[in-house]
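Heads up: the protein sequence lines correspond to chains A and B, in order. Taking the working numbering, the leading residue of the first sequence gets 1, the next gets one more, and so forth. Taking the working numbering, the leading residue of the second sequence gets 1, the next gets one more, and so forth.
Treat the hints with caution; some may be incorrect.
Claimed, not checked - Cut-off 25 Å, straight-line C-alpha distance, at most; resulting in silico cross-link-like pairs (SDA-like, lysine to any residue): (1) A/K130 to B/T68; (2) B/K18 to B/P30; (3) A/K130 to B/F76; (4) A/K130 to A/A168; (5) A/K133 to A/I234; (6) B/K53 to B/H67; (7) B/K18 to A/E230; (8) B/K18 to A/T131; (9) A/K130 to B/A3; (10) A/K189 to A/I204; (11) B/K18 to B/R8; (12) A/K130 to B/E9; (13) A/K130 to B/V48; (14) A/K133 to B/T54; (15) A/K133 to B/G23; (16) A/K130 to B/R8; (17) B/K53 to A/G80; (18) A/K130 to B/P30; (19) B/K53 to A/T64; (20) B/K53 to A/T75; (21) A/K47 to A/T75; (22) A/K47 to A/T3; (23) A/K130 to B/K53; (24) B/K53 to A/V176; (25) A/K130 to B/M1; (26) B/K53 to B/L15; (27) A/K130 to B/G78; (28) A/K130 to B/T12; (29) A/K53 to B/G34; (30) A/K133 to B/D37; (31) A/K189 to A/G151; (32) A/K133 to B/T12; (33) A/K133 to B/G78; (34) A/K130 to B/T54.
Rather than coming from a laboratory, the hints here were simulated on the basis of the structure.
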Amino acid sequence: MTTDHRWLIVSGVSRGLGLALARDLLAQGYGVAGCSTTFGDDLEALKAVHGDKFLWQAVDMADTQAIEGFVSAATTAFAGQRLWGVVNNAGMSVEGILSTLPVSDIEQVLQVNLTGAICLTRSALRQMMKTRKPGRVINISSITGLRGYTGLTAYAASKAGLDGFSRALAREVGRVGITVNSVAPGYMKTALSEGLDDRQLDQIVRRTPLNRLCELADVVHLVRFLVSEEAGFITGQTLVVDGGLTS
Amino acid sequence: MSALDLIREELTQILADKGAETGEIAADTPLLNGPLDIDSLDLATLVVVLEEKTGLTPFADGFVLFHTAGELAALFGG
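Kindly produce the complete structure, drawing on both the sequences and the hints.
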């Protein structure tokens, strides 16, 4: 697999899936430009191990100017190397019955999960298009965008929006060999699922044919494949990683 | 280098990368649906490069209609 001199942008790298993705892509040999709102010991450790191959910048995904600035700074830092793709992982969730959900919360979720991802991809594509060479866009969506979940309406809408974005963009940039796919994980034990209590998690496990929750590694392995050369003929898809829960 | 020369240079590269024929590119040459074998994605690439090289962003507030290489060049300072 060719990963030398290729780098990827990954959003939401401070914890959970984003951190695991950044760690794995670095281990595969890619350079990684990661962003998140917070910086912690885990990112410090990645920096210590990978040095210049890992760049981190604080970015609020609701701030489209900050997103553009991040991509510009990363492009400068990785000058001479090829921007291979972007993994839109950053996301937030608010819980509550829609009729009582503050409008500002709804706007914030859509801004961060959907508009932020689209703008980050836009900025990355402006760099990628100039080379007119293949690349990868991967959007981390969710099975809630496919099937819905009570109390997660805005979140589900943002994730379904990402799936539609993947399909449309796949058609737009396919001619130059840039693939665009969504990865829809099932329920994971991460900060984003903190709102689910043990009873709800037990119920999810019982309804899952493979009888467990989704692990970070399940998703990381799929993303590792999707960014590889070998996945070059897969585009416009939403790939579900949920142990059969939605089957 | 004038904007029209930049357009000529970049379009020549785009066409070469596609293995398409490079014809004469004059100010009145239509960019789409004309003699050049380019599509909307190529045109978007051209605009991105022009924005970077000139520092101008004529489409920042919305799309401005243009048809020919000369009309596009005018948006980037001529």
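Broken hints, by number: 29, 33
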